Amino acid sequence: MLEARDVCFSYGVAGRVLDHVSLAVRPGEVVGLTGRSGVGKSTLGRILSGHYRPLSGRVIIDGEPHARGFNPVQYLSQSPAFSVDPRWTVGRVISEAWRPDEAMLRAFGVSEAWYDRYPHEISGGELQRVAVLRALAPGTRYLVADEISAPLDPLTQAQIWMALLAHAQKNGLGMLVISHDRPLLRRIAGRILDL
Amino acid sequence: MAELGERQTLEPLILPRMDNRVRSFAAAAVCLFLILLIPVAALMAGSAGVAPDFTARLVPPDWAHWFGTDQMGRDMFARTAKALTTSLWVGLFASACSVLIAVVMVLVSAASGRWMDALVSLAIDATIGLPHLVLLILICFALGGGPFAVTLALALTHWPRLARILRAEVMQIKQADYIISARHFGKSWAAIAVGHVLPQLVPQMLVGFVLMVPHAILHEASLTFLGFGLEPTSPAIGVMLADSMRYLTAGKWWLGLFPGLCLLLFVLCFDAVGNGLRLIFDPRTAQT
Amino acid sequence: MTLLSFSGFGLSFRRYHGLLASCETPVLNDIAFTIGRGEVVALVGASGSGKSLIAHAAFGILPPNARMHGSICLDGQPVDERTLPALRGRRMALVPQSISHLEPLARCAKQLRWAARRAGRPTDRETLARHLEAFGLDGDAAKAFPHQLSGGMARRMMMAIATVGDADLLIADEPTSGLDDENAEIVLSKLRGLADQEKGVLLITHSLAAALPYADRVCLIRNGRMEGEEAACAFDGAGEGLRSAYARALWQALPQNGFQVAHHA
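Each protein sequence line maps, in turn, to chains A, B and C. If you read the first sequence in this note's numbering, its first letter stands for residue 5, the second for the next number, and so on. If you read the second sequence in this note's numbering, its first letter stands for residue -19, the second for the next number, and so on. If you read the third sequence in this note's numbering, its first letter stands for residue 109, the second for the next number, and so on.
Hint data in this document are derived by calculation from the structure and do not stem from the laboratory. All values derive from a computational prediction rather than experimental measurement. You may find that some hints are simply not true.
Claimed, not checked - The following label-pair restraints were derived from C-beta to C-beta distances:
1. A/Gly16 with C/Ser206: 47 to 57 Å
2. B/Arg94 with A/Ala28: 27 to 37 Å
3. B/Leu102 with A/Ala28: 41 to 51 Å
4. A/Tyr119 with B/Leu80: 30 to 40 Å
5. A/Met5 with C/Ala346: 38 to 48 Å
6. A/Glu125 with B/Ala171: 23 to 33 Å
7. C/Ala353 with A/Asn175: 52 to 62 Å
The beta-carbon is built from N, C-alpha and C at its ideal position, and this holds for glycine as well.
Could you put together the complete structure from these sequences and hints?
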């Protein structure tokens, strides 16, 4: 189980962004997280993924805190363009995390023809598939998806989520889906939390 | 209804816009030409420019002596070529050493903790805080002058500005999402420094190097002009300019003018190449 | 009555390959649509489909390596760099995508006054305060620097600045990105209100679902091409009224509808 226990956070001197927040995601469960803009959804997502350390409170992954090495809680952002090195080819980008097999590539609509290209040479939707696929390495047990389909067209959005949900179900992956889009959350999440 | 296409194709005829790349390549070509030509001219001159010829003292520029002769009858063209050759080697070598110092310091400070970074920052600020020339004079004086002392002094004084730029760059790169991703894929700092950070620094290093060369050359000339650099007998722009001062009031204008102009041309070319490279490597201006 | 028209419009960027060789990379092709008075036309496409470039082309603020072909006309008159200075801010105005398009070191009231002065409109305190009030902005918001405004207020401030010149045509580039539903609704109904006052509005957005309740017509952009124009009211039921298969596939892929991945060529 991925748990946030009594997490507080603030940026510098500004007021509290998160005030004693707790939530839990079980393996294989899809939890939606929504709320007004600026309420700290992304911050909570990054804290759960170990990008930020909470001011107080703890994050527990299957009974253990965050440790060095491969992080079992992977974070996916809205803009994949920033989460891949612009100087690396797509093939090198993916293999930084793992080497997916043919079936995985097909499931996520990633073509091996992109492997020699640079991130700016494929479209935003294609790059988001690459980023999603990269994060699904064997060591990943939980996924925090922060508005990953917001800038995509509805078709690409549906394709990515179908593939992701099937993979999560098969591998018992727990997911926290952060989004403004309530219809989307109602479609994919087992329960929806309002922050 | 005016077709936009028409207007667009006419534009180059009305105002030929000089492309940054074309300009940079022109400057690079001139630079390369000078780098090749000056040492060759210096070699071909043989003993001219060094051996005195008291039958032809202070001759104004003519076809035999393009830049005239000096008070000892030495050909100023050959002397300028030799001086610039020295400047070139000193400038290139000192700049290369400086870039190396800057990169090593920045990467070490990035890979180690906060203390090391504070130490490197302090070194940068302290070196920038002292006037360049004072530090140069001190180092040169301590080492007793000569080409080696000048090169070492230049190498030891020119790294901080580049180091500061590189350090800011590294700080920014370290915040990038893809570095954070790499960390969470379990990559070590060393792997990240080599795989993600260093390739990003190469353009800055190259630009820093090219822009540092003219700086170093000017400082070498200043040091020598002030008498702390190369030997007063050796052909050096600084020595020639210092000597020319005594004859300027006597109307011997060519003694200072030609070496000065050559130095200026040389420095401007390097500067143009460096600035062009900077624009090409910057993604915001790469396509202009 | 047609206000703005794009016909046969295309755009390419000259890019360098290697050091000196350059080539033209097309980014937009065969863009043709019109906006009439009293209409909200939505330009819908995924991010990176090139839709913002259409707005930038209309205002002549493309990067220098861009090449255009085709024509853009306002009221039948060509829009180009000779006519643009008289059009920008007076006849057509842009609501930019992000707060970074505002001057960070000037208070909002001052920037509003600049815009009014450039458009030759009254710049006295009362008129401007009344104008801000129409967007639900008070004196505190006027005194603030751009970065001090919240996302929703900043968006309304940019709309206030864009509309102070009383331009006939308003182009809003992603006016709802980063806003929650409540603020997005405020912004979009403002745009609808402007169209109802006989202005023309071009709404550029990636969200088909958000645009539909406020738009009259929808132009779909995919990979730099127009994939058809549809009446907003045709997006209904199973999409039987939609003309193109692509529009139907998009409509059925929305989570509030089927969330189906139809295989579309």
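Here is how each hint holds up against the structure:
1. A/Gly16 with C/Ser206: 47 to 57 Å: Once the Cβ atoms are compared, 22 Å apart, the range 47 to 57 Å for C/Ser206 and A/Gly16 is violated.
2. B/Arg94 with A/Ala28: 27 to 37 Å: 35 Å, holds
3. B/Leu102 with A/Ala28: 41 to 51 Å: 47 Å, holds
4. A/Tyr119 with B/Leu80: 30 to 40 Å: Since A/Tyr119 and B/Leu80 have Cβ atoms about 35 Å apart, the given range 30 to 40 Å holds.
5. A/Met5 with C/Ala346: 38 to 48 Å: 41 Å, holds
6. A/Glu125 with B/Ala171: 23 to 33 Å: 25 Å, holds
7. C/Ala353 with A/Asn175: 52 to 62 Å: 35 Å Cβ-Cβ, so the 52 to 62 Å window is violated.
Of the numbered hints listed earlier, those contradicted by the structure are 1 and 7.
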